[in-house]
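Participant: Sequence:
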Amino acid sequence: MDSRDAVERLAREEGTRVLATLIRVTGDIDLAQDAVQDAVVRALERWPRDGVPDSPRAWITVTARRRAIDLIRREAGRAGKEAEAMSLLDPEGEPAETIRDDLLRLMFTCCHPALSSEAQVALALRTLGGLSTAEVARALLVPEPTMTKRLTRAKQKITHARIPFRVPPAQELPQRLAGVAATIYLIFNEGYTAGAGADLIRTELSAEAVRLARRLAELMPGEPTPLGLLALLLLHDARRPARLDEQGHPVLLADQDRSAWDAARIREGVELVGAALRHSPERPDPYAVQAAIAACHALAPSYAGTDWDAVISWYDVLLTVHDTPVARLNRAAAVAERDGPAAALALVDRLGGLDGYPWWHATRAELLHRLGRTEPARSACLRAVETGLSEPLAERLRRRLRA
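Numbering (the UniProt record's numbering), first residue to last: 1 to 403.
Some hints could be false.
[What the hints assert, rightly or not] Taking CB as the label site, the calculated pair distances span:
hint : residue 1 : residue 2 : range
1    : T203      : A263      : 16 to 22 Å
2    : D309      : K157      : 45 to 51 Å
3    : R153      : R350      : 21 to 27 Å
4    : Q175      : R9        : 48 to 54 Å
5    : L253      : S117      : 25 to 31 Å
6    : P221      : Q37       : 29 to 35 Å
7    : E386      : N189      : 17 to 23 Å
8    : T374      : L253      : 38 to 44 Å
9    : Q175      : A263      : 56 to 62 Å
10   : P48       : L141      : 27 to 33 Å
[Said to hold, decoys possible] Listed below are the simulated SDA-like cross-link pairs for lysine to any residue, each with C-alpha atoms no more than 20 Å apart in a straight line:
hint : residue 1 : residue 2
11   : K157      : A170
12   : K157      : T146
13   : K149      : R42
None of these hints come from the bench; they were simulated from the model.
The model shown is predicted, which means the values in this text are computed figures rather than measured ones.
A virtual CB, placed ideally from N, CA and C, is assigned to each residue, including glycine.
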């Protein structure tokens with residue numbers, strides 16, 4: 001493993017596993033993070049020079065354990081139990097099943113409903129993603145001091161509210177799993193189509209979300225929600241190479257070069273859709289249904305060759321399990337392709353509660369334009385820009401206005 005990037009990925013992934021176990025053993029997120037961060041830094045200094053050890057996890061575990069013990073000894077006020085716990089940590093590493101459970105515990109702790117959604121996203125990126133505070137701040141377009149405070153408050157909340165470091169009991173699992181999946185999906189969406197800033201796509205965020213979704217699916221095999229979520233993210237992310245032109249301008253789905261799409265991700269995503277739907281035959285998982293819609297687009301030979309009947313049919317299924325105004329807006333966009341803009345506009349105008357959503361205005365602008373209603377289309381386009389979009393999308397709409 002000569003690549004510096006490959007070494008960094010390995011060190012970070014193994015560091016996350018060791019972090020999860022250290023948090024369980026010490027009960028202190030800050031202590032565990034400081035110790036693991038020091039171990040990962042040392043790994044990045046030594047492994048490229050000396051070679052990757054036979055057991056990277058054991059190397060990071062030993063290094064992090066020594067650092068944690070040093071930190072504990074410096075704080076005289078700490079109870080002796082923590083030092084005793086550290087001595088029980090096997091330097092050769094925990095059994096695979098224990099590490100699996102520790103990662104699940106950490107995932108559910110980071111995404112506990114007592115924390116705000118902003119705190120959940122930040123904490124997931126910081127702990128599960130292995131990003132530094134500065135990297136999390138950059139990823140979420142927040143000043144580093146603000147992010148430091150946000151993470152500190154989140155960890156204090158976990159301590160003061162005595163949020164347990166455990167996988168929820170069976171009766172709580174569906175609701176809590178939904179929260180974990182929603183956090184990962186939120187991270188992906190911000191990377192796939194940034195809500196603000198100069199970049200439309202923020203690859204580091206969408207890549208982290210795919211990694212977290214894959215880990216969740218590995219930790220909870222056979223669960224339809226993780227399978228459906230991972231399928232959805234892969235099928236969307238497969239289109240990333242074709243979503244920008246050479247000048248960095250956004251390219252709509254209808255105009256994308258489908259030969260540039262990632263065929264391997266599409267194959268994996270389609271297989272996962274099938275698995276997710278098989279595991280939830282009575283009530284399909286919402287992520288799996290959305291992934292089925294994405295699969296219709298991914299498998300179509302061209303935009304004109306899209307099976308709009310199938311897309312709309314899957315949207316109808318989605319509305320039975322996850323009926324939201326945004327889902328209805330997306331269904332209306334598909335109706336426009338099958339039944340024409342007038343039928344779609346009638347559906348869009350019946351939707352409520354979306355005046356602050358830029359895509360509602362942008363969809364109306366497109367449908368009005370197709371109907372030849374220029375002035376209402378211009379007004380809707382302006383409203384979409386005013387409501388808030390990333391700069392590339394806003395500029396695309398401004399170019400449309402000028403035309």
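Participant: Return the numbers of the hints above that this structure violates; sort them in rising order.
Facilitator: 3, 4, 8, 9, 11, 13
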